[in-house]
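> Each chain is listed here by its residues.
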Amino acid sequence: AQKVTQAQTEISVVEKEDVTLDCVYETRDTTYYLFWYKQPPSGELVFLIRRNSFDEQNEISGRYSWNFQKSTSSFNFTITASQVVDSAVYFCALIRSYNTDKLIFGTGTRLQVFP
Amino acid sequence: GAVVSQHPSRVICKSGTSVKIECRSLDFQATTMFWYRQFPKQSLMLMATSNEGSKATYEQGVEKDKFLINHASLTLSTLTVTSAHPEDSSFYICSAPPPGQGAFASGAFFGQGTRLTVV
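Protein sequences, first through last, are from chains A and B. Residue numbers 272 to 386, in the working numbering, belong to the letters of the first sequence in order. Residue numbers 436 to 554, in the working numbering, belong to the letters of the second sequence in order.
Among the hints, erroneous ones may be present.
[To be verified] Listed next, the in silico DSSO-like pairs over lysine-lysine satisfying Cα-Cα at most 30 angstroms (straight line): (1) LYS476(B) to LYS287(A); (2) LYS501(B) to LYS341(A); (3) LYS476(B) to LYS499(B); (4) LYS499(B) to LYS449(B); (5) LYS309(A) to LYS287(A); (6) LYS476(B) to LYS455(B); (7) LYS476(B) to LYS449(B); (8) LYS501(B) to LYS476(B); (9) LYS341(A) to LYS274(A); (10) LYS274(A) to LYS499(B); (11) LYS309(A) to LYS274(A); (12) LYS455(B) to LYS490(B); (13) LYS309(A) to LYS341(A); (14) LYS274(A) to LYS490(B); (15) LYS501(B) to LYS274(A); (16) LYS287(A) to LYS449(B); (17) LYS501(B) to LYS490(B); (18) LYS499(B) to LYS455(B); (19) LYS449(B) to LYS490(B); (20) LYS274(A) to LYS476(B); (21) LYS501(B) to LYS449(B).
[Said to hold, decoys possible] If the Cβ cut is set under 8 angstroms, some of the chain A residues that face chain B in the computed set are: (22) GLY314; (23) LEU316; (24) PHE318; (25) ILE331; (26) GLY333; (27) TRP337; (28) ILE366; (29) LYS373; (30) THR378; (31) GLY379.
Read the hints as simulated data drawn from the structure, not as lab findings. All C-beta atoms, glycine included, are put in the ideal place defined by N, C-alpha and C.
Whole structure, please, built from the sequences with the hints as guidance.
As structure tokens, then:
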């Protein structure tokens, strides 16, 4: 069975702090995609990144970075120098194959960045 | 790039009435669309897979007669919440992957979501 676990329900930080959001996944498939989304209070899902299971290179995009480690089945997300606008719920998700398929979402982590 | 439009963004309806939510792919044809539901402060769960020209596939525990899905064209899927009750109040969001791009696209194209409140 496929499963995505985001153990951190809520995180609060002060602006300019770095913060890491954890994501651990379970799948028996060898080919799969992992995603991160941001959901601001308005509700829409903002796509942040996708990573396929064969690409373990870490990625950096501005203040965002992602650490994918297949050995620990983790795909963690770090925000450097957090800002108030980063306050949102962040979801990690998994698609299990290369065919068009449904997403399995984690339970989300609510990040609050205080000024 | 591929754009998915969902309408309305917010709707308030009276208990017992039906509400229709539309999901459109604006610049591509989507043979498959996905409908997700999100209860307040919870995660997103797949409700059903909408297939153009055939019946929708519902996830376990989702009432087919309650949540009617119609994928009448290659660019439009509709979700109708019939005889809505307050417990149906939720955030509904659709996903429409462009064909031929596989799972890569399944996670990348979402509508803006619809917040349904049943009073």
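> Would you mind marking each hint as holding or not holding in the structure?
Hints, verified against the model:
For a cut-off of 30 angstroms, the pair hint linking LYS476(B) to LYS287(A) stands: about 26 angstroms separates their Cα positions. Between LYS501(B) and LYS341(A) the alpha-carbon distance is near 41 angstroms, which puts this suggested pair outside the 30 angstroms criterion. Our distance criterion of 30 angstroms between C-alpha atoms is met by LYS476(B) and LYS499(B), whose separation comes to about 25 angstroms. With a C-alpha separation of about 21 angstroms, the suggested pairing of LYS499(B) with LYS449(B) holds against the 30 angstroms cut-off.
A threshold of 30 angstroms between alpha carbons decides the hint, and for LYS309(A) with LYS287(A) the separation of about 19 angstroms falls inside it, so the pair holds. For a cut-off of 30 angstroms, the pair hint linking LYS476(B) to LYS455(B) stands: about 23 angstroms separates their Cα positions. Restraint check for LYS476(B) and LYS449(B): the C-alpha separation of about 23 angstroms stays at or below 30 angstroms, so the hint holds. The hinted pair formed by LYS501(B) and LYS476(B) meets the criterion: a straight-line CA distance of about 23 angstroms does not exceed 30 angstroms.
Restraint check for LYS341(A) and LYS274(A): the C-alpha separation of about 15 angstroms stays at or below 30 angstroms, so the hint holds. Proposed proximity of LYS274(A) and LYS499(B) is supported: the alpha carbons are some 25 angstroms apart, at most 30 angstroms. Distance check on the hinted pair: LYS309(A) and LYS274(A) sit about 19 angstroms apart at the alpha-carbon level, within 30 angstroms; holds. Restraint check for LYS455(B) and LYS490(B): satisfied, since their Cα atoms lie roughly 17 angstroms apart, inside the 30 angstroms limit.
Proximity of LYS309(A) to LYS341(A) is assessed by CA-CA distance (about 23 angstroms); at most 30 angstroms being required, the pair is judged to hold. Between LYS274(A) and LYS490(B), the direct Cα distance comes to roughly 27 angstroms. Compliance with the 30 angstroms bound is thereby established for this hinted pair. Of the pairs offered as hints, the one joining LYS501(B) and LYS274(A) holds, with about 27 angstroms between alpha carbons and a cut-off of 30 angstroms not exceeded. Distance restraint check for LYS287(A) and LYS449(B): the Cα-Cα separation of roughly 45 angstroms exceeds the 30 angstroms cut-off, and the hinted pair is therefore not satisfied.
Simply put, LYS501(B) and LYS490(B) have alpha-carbon atoms about 15 angstroms apart, close enough for the 30 angstroms limit, and the pair holds. About 15 angstroms separates the Cα atoms of LYS499(B) and LYS455(B), which keeps this hinted pair within 30 angstroms; it holds. Our distance criterion of 30 angstroms between C-alpha atoms is met by LYS449(B) and LYS490(B), whose separation comes to about 28 angstroms. Pair hint LYS274(A) plus LYS476(B) holds up; C-alpha atoms about 19 angstroms apart against a cutoff of 30 angstroms.
Straight-line distance between C-alpha atoms of LYS501(B) and LYS449(B) comes to about 16 angstroms, which keeps the hinted pair within the 30 angstroms bound. About 5 angstroms separates the beta-carbon of GLY314(A) from the nearest beta-carbon of chain B, less than 8 angstroms, and the hint is met. Against a cut-off of 8 angstroms between C-beta atoms, the interface hint on LEU316(A) holds, since the closest Cβ of chain B lies about 5 angstroms away. With its C-beta approaching chain B no nearer than about 5 angstroms, PHE318(A) sits inside the 8 angstroms limit, and its interface hint holds.
For ILE331(A), the shortest C-beta to C-beta distance to chain B is roughly 20 angstroms, which exceeds 8 angstroms, and the interface hint is violated. The closest approach between the C-beta of GLY333(A) and any C-beta of chain B is roughly 19 angstroms, which is over the 8 angstroms cut-off, so the hint fails. Contact between TRP337(A) and chain B, as hinted, is not supported at the beta carbon level, the nearest pair being about 14 angstroms apart and thus beyond 8 angstroms. Hint status for ILE366(A) relative to chain B: holds, with the closest Cβ pair at about 4 angstroms, below 8 angstroms.
The interface hint given for LYS373(A) holds, since its Cβ lies 5 angstroms from the closest Cβ of chain B, which is under the 8 angstroms cut-off. Interface hint at THR378(A): satisfied, since its Cβ lies 5 angstroms from the closest Cβ of chain B, which is below the 8 angstroms cut-off. Of the supplied interface hints, the one on GLY379(A) holds, with its beta-carbon coming within about 6 angstroms of a beta-carbon of chain B, less than 8 angstroms.
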